[in-house]
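> Respectively, the protein sequence lines represent chains A and B.
Last residue of the first sequence: 915 in our numbering, with the numbers rising by one and none dropped.
Last residue of the second sequence: 915 in our numbering, with the numbers rising by one and none dropped.
Keep in mind that the hints were calculated from the coordinates and are not lab data.
One or more of the hints may lead you astray.
If several chains are the same, the list does not tell them apart, and a pair holds so long as it fits within one copy or across any two.
[Stated by the list, open to error] Pairs of lysine to any residue residues, derived as SDA-like cross-links and limited to a Cα-Cα distance of at most 20 Å, are as follows:
#: 1; residue 1: K469; residue 2: E458
#: 2; residue 1: K877; residue 2: Q853
#: 3; residue 1: K527; residue 2: R508
#: 4; residue 1: K768; residue 2: R554
#: 5; residue 1: K767; residue 2: D555
#: 6; residue 1: K489; residue 2: E512
#: 7; residue 1: K513; residue 2: E530
#: 8; residue 1: K847; residue 2: E878
#: 9; residue 1: K513; residue 2: A491
#: 10; residue 1: K469; residue 2: N459
#: 11; residue 1: K527; residue 2: M571
#: 12; residue 1: K513; residue 2: E492
#: 13; residue 1: K527; residue 2: R572
#: 14; residue 1: K768; residue 2: D555
#: 15; residue 1: K469; residue 2: R760
#: 16; residue 1: K847; residue 2: D786
#: 17; residue 1: K489; residue 2: S747
#: 18; residue 1: K767; residue 2: I732
#: 19; residue 1: K519; residue 2: A491
#: 20; residue 1: K527; residue 2: P784
#: 21; residue 1: K724; residue 2: G790
#: 22; residue 1: K519; residue 2: E530
All figures in this text were calculated on a predicted structure; none of them were measured in a lab.
Number of protein chains: 2
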Amino acid sequence: MGKDKTAITPTREEDFPEWYQQVVRAADMAENSETRGCMVIKPWGFAIWENIQSQLDSRFKETGHQNAYFPLLIPLSYLEKEAEHAEGFATECAVVTHHRLEAEKDPESGKTRMVPTGKLTEPYVIRPTSETIIGAAFSRWVESYRDLPLLINQWANVMRWEMRTRLFLRTAEFLWQEGHTAHETQAEAEEETRLIHKLYEDFLRDHLAIPVVPGEKTEAERFPGALNTYTVEAMVQDRKAIQAGTSHYLGQNFAKAQEITFVGREGGKEYVHTTSWGVSTRLIGTLIMAHADDDGLVLPPRVAPQQVVIVPVTPKEETREAIIESCEALAEALRREQSYAGAAVRVHVDTRDLGGGVKKWEWVKKGVPIRVEIGPRDLDAGKVCLQRRDRSSNEKDFVDREEFIRSAPQILSEIQQSLLDRLTAFREENITECGSLEKFKDHWQGDDNPGWLLTPWAGSTEEEESLSKEHKITIRCLPNGQQEGPEAPCVLTGQATSVRALWGRAY
Amino acid sequence: MGKDKTAITPTREEDFPEWYQQVVRAADMAENSETRGCMVIKPWGFAIWENIQSQLDSRFKETGHQNAYFPLLIPLSYLEKEAEHAEGFATECAVVTHHRLEAEKDPESGKTRMVPTGKLTEPYVIRPTSETIIGAAFSRWVESYRDLPLLINQWANVMRWEMRTRLFLRTAEFLWQEGHTAHETQAEAEEETRLIHKLYEDFLRDHLAIPVVPGEKTEAERFPGALNTYTVEAMVQDRKAIQAGTSHYLGQNFAKAQEITFVGREGGKEYVHTTSWGVSTRLIGTLIMAHADDDGLVLPPRVAPQQVVIVPVTPKEETREAIIESCEALAEALRREQSYAGAAVRVHVDTRDLGGGVKKWEWVKKGVPIRVEIGPRDLDAGKVCLQRRDRSSNEKDFVDREEFIRSAPQILSEIQQSLLDRLTAFREENITECGSLEKFKDHWQGDDNPGWLLTPWAGSTEEEESLSKEHKITIRCLPNGQQEGPEAPCVLTGQATSVRALWGRAY
């Protein structure tokens, strides 16, 4: 017998980064490829992405957005139009310079190899984001205020040549959605930015069971070219922050760079106000770091590709068939009679010819919310053995089969809620209000990731950057609803301010 | 008043290629971009693609396939492994050679521009197809026969640097699905290839109302690296052929090039047998050329983003509100009470403040199957004015409102069937059996696209290529079920053969 190649060896406490990699591998979600920094998303990981996609997609459509698709390659000259934007992405662009290959004999080895040929007069960049190419389309599409707003979303792959990558969290190629909208007025564009900001917050809380802190980014942390960036910040189990989604008000910057104009109500030429917003496969990394435990992945039921997995336990050949039949019938009953979150319960029966323990641990590591085993004695007693992924892997409940069918949606709902509650409590414990510079500086000395600090803040961008650099932290956001609070002295400058800044280490 | 910028001027008879471009533009489906050969797929075109995707995706999943995602960029060395494959795609590869941009002052103009820097030691190719990179993953994933079959599908963008492009039908970047599977035996892999071939045939007929001729490709027309390519060939209204989907049996070619081996049942090392198969946004071009008429797009109901569009006709202010309310109520009733093809009827109420004629023609050009108008008199009479896209644009039926609600699914079903019947009859009329070389050669002299010929065939690849070149035709396929027929003399060599070849001009 070999070792279990997918056992997770370090605990979260022992080595969080290594634990993370092992959870991804043990759940068979993704792996590195030989293309630098690019991952292969395997079926279990991709099924989670499909679930996220379909949920978000219907939320976007309900709020009036339409999907479209724009070219992968962006002419270099487009990128140059918005200077700040170009500069922001210049160091991480994959550049296409040729459009053919030709076979050539290597003079040294004598082997034939392919070499690029057909040099392009203007190189293209693989989109790191699509503001410029979508802006070019908008400038063709908009003529009058009657054509506004334009509310467009794209599901696509993008490429940012990252030097240090980590599966899902930071990869050179990733999958995302990017919303791009154009509006007649600043007020409407800002309303759109906030609408999506709220949509992301709700989605993360209600679907992924991740409570986020919504807020604004400071100037230092804004999207290149944006006037305002709203973010939703998740705290994961090592107390670091993950920026889980952003929504940008771009003002008229891109409109002016790309001549997106319209004839206004008064007959004059005006520039549109644009927004952009996105979430990516990074959400899957966030999901793992938020909920997984030392045994492996833990999936909130709403996002789980399978919500219930039924494992037949068949020690004796003579009862094997009856048990498998009973499992299939249970699955059918659940699918037919019960629904959860507006859809049929997703149930899988694992009939593979493998040991029960092997199968159990596979589903534990894949994070399935409910595991059910049925063995000969259960069959006779009309019971099932129920195990919940939000509880210890040894905890079992023997429940009446009919009772289980009736209560399955309720149990899924409880698991969804328990994951959210656990993470909310954890986050509350790890955000500390801090008004003293001494305590502030002390805080970052100790443990690697000591949780977040919320401070009164009136410093300049330079002061922010200097503090950030010194302590390897960033202002994650100026949390929503905190700007209206009582005035207090800025933690750095002492100047009275009603603004609060949330500081932390981040992925 | 300006001209209607979206009027379609030539008829299909007058100028089919120009008519096609204008239909795409008039339906607002897609447009060219400034990225060479790449299109922007606009919301109406993309909604059709989403519909195709979701239909095919469930058919793939029902037959046991899982989705995954593989890197966009393929190391050049991967492509070189399968020589025939590399050669087949070498002339149309976009090559990434750099990974940064740097600002540089142009010595002549003094302007700052971005130039590629950070040269890669090994260039990458943007995937023209993913056999090689998915094969590399398969070689990691397969260890034993127990790991087989692997049944994987990917929805992705691919890039083939085409010199002459046409929206949807041939673009440098296109969207597609590519299935890749690995099997223990040749028999299983061939069965998979045929399963998908049949799935495509059924999908095109039942969902897109396009009757195809399913068959095998000759060696000359096979996918680079395949042992056998199955195709479904559609005849569009100019009597040209479009290869609508292909399914390839790759034998052990890719397995040997990439060392995809497994420990077999007897304990020895064996190579897997692989398949690949795909359809692309080309299906949308096929759909247009198959069904659209001189007025614009015609959509089969199953694939239409909206199946019923209701246009309130509100000449007088005093009845306006009541009419709009009545339209909304009708839409609600349709959605709630009726379903078509297993889903709620897709209904849109067009309340825009535009003239009724303008709105009517917009929906005609977008190909919506059923248009309904409600004006003051209809409201009073409890009637609706019904117009079907498969009939003349002037034909109207005034039908009882309740009767319309009841019969809407039936009407959609009739339209779906009438489009299929029309195209099937057209195809039958335009396929001629031909056993004489003289008649064969005559056939291609006259009209540009004189329809297809079905001939007994026993020629060599060289003979096929020579005939093809002479007449600007190709063997579209050796149709299914034709190889078992009575023997007849080959149209070229006179040799007795039971094989039939279908010849035509193609896109």
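> Now tell me if each hint is right for this structure.
Status of each hint after checking the structure:
no.: 1; hint: K469 <-> E458; in the structure: both (16 Å within a copy, 13 Å between copies)
no.: 2; hint: K877 <-> Q853; in the structure: within (13 Å within a copy, 77 Å between copies)
no.: 3; hint: K527 <-> R508; in the structure: both (8 Å within a copy, 17 Å between copies)
no.: 4; hint: K768 <-> R554; in the structure: between (59 Å within a copy, 19 Å between copies)
no.: 5; hint: K767 <-> D555; in the structure: between (56 Å within a copy, 15 Å between copies)
no.: 6; hint: K489 <-> E512; in the structure: between (38 Å within a copy, 15 Å between copies)
no.: 7; hint: K513 <-> E530; in the structure: between (28 Å within a copy, 16 Å between copies)
no.: 8; hint: K847 <-> E878; in the structure: within (15 Å within a copy, 86 Å between copies)
no.: 9; hint: K513 <-> A491; in the structure: between (43 Å within a copy, 14 Å between copies)
no.: 10; hint: K469 <-> N459; in the structure: both (16 Å within a copy, 14 Å between copies)
no.: 11; hint: K527 <-> M571; in the structure: between (27 Å within a copy, 14 Å between copies)
no.: 12; hint: K513 <-> E492; in the structure: between (44 Å within a copy, 17 Å between copies)
no.: 13; hint: K527 <-> R572; in the structure: between (30 Å within a copy, 18 Å between copies)
no.: 14; hint: K768 <-> D555; in the structure: between (56 Å within a copy, 19 Å between copies)
no.: 15; hint: K469 <-> R760; in the structure: between (40 Å within a copy, 19 Å between copies)
no.: 16; hint: K847 <-> D786; in the structure: neither (58 Å within a copy, 76 Å between copies)
no.: 17; hint: K489 <-> S747; in the structure: neither (51 Å within a copy, 49 Å between copies)
no.: 18; hint: K767 <-> I732; in the structure: within (15 Å within a copy, 58 Å between copies)
no.: 19; hint: K519 <-> A491; in the structure: between (45 Å within a copy, 12 Å between copies)
no.: 20; hint: K527 <-> P784; in the structure: neither (70 Å within a copy, 64 Å between copies)
no.: 21; hint: K724 <-> G790; in the structure: within (18 Å within a copy, 69 Å between copies)
no.: 22; hint: K519 <-> E530; in the structure: between (32 Å within a copy, 16 Å between copies)
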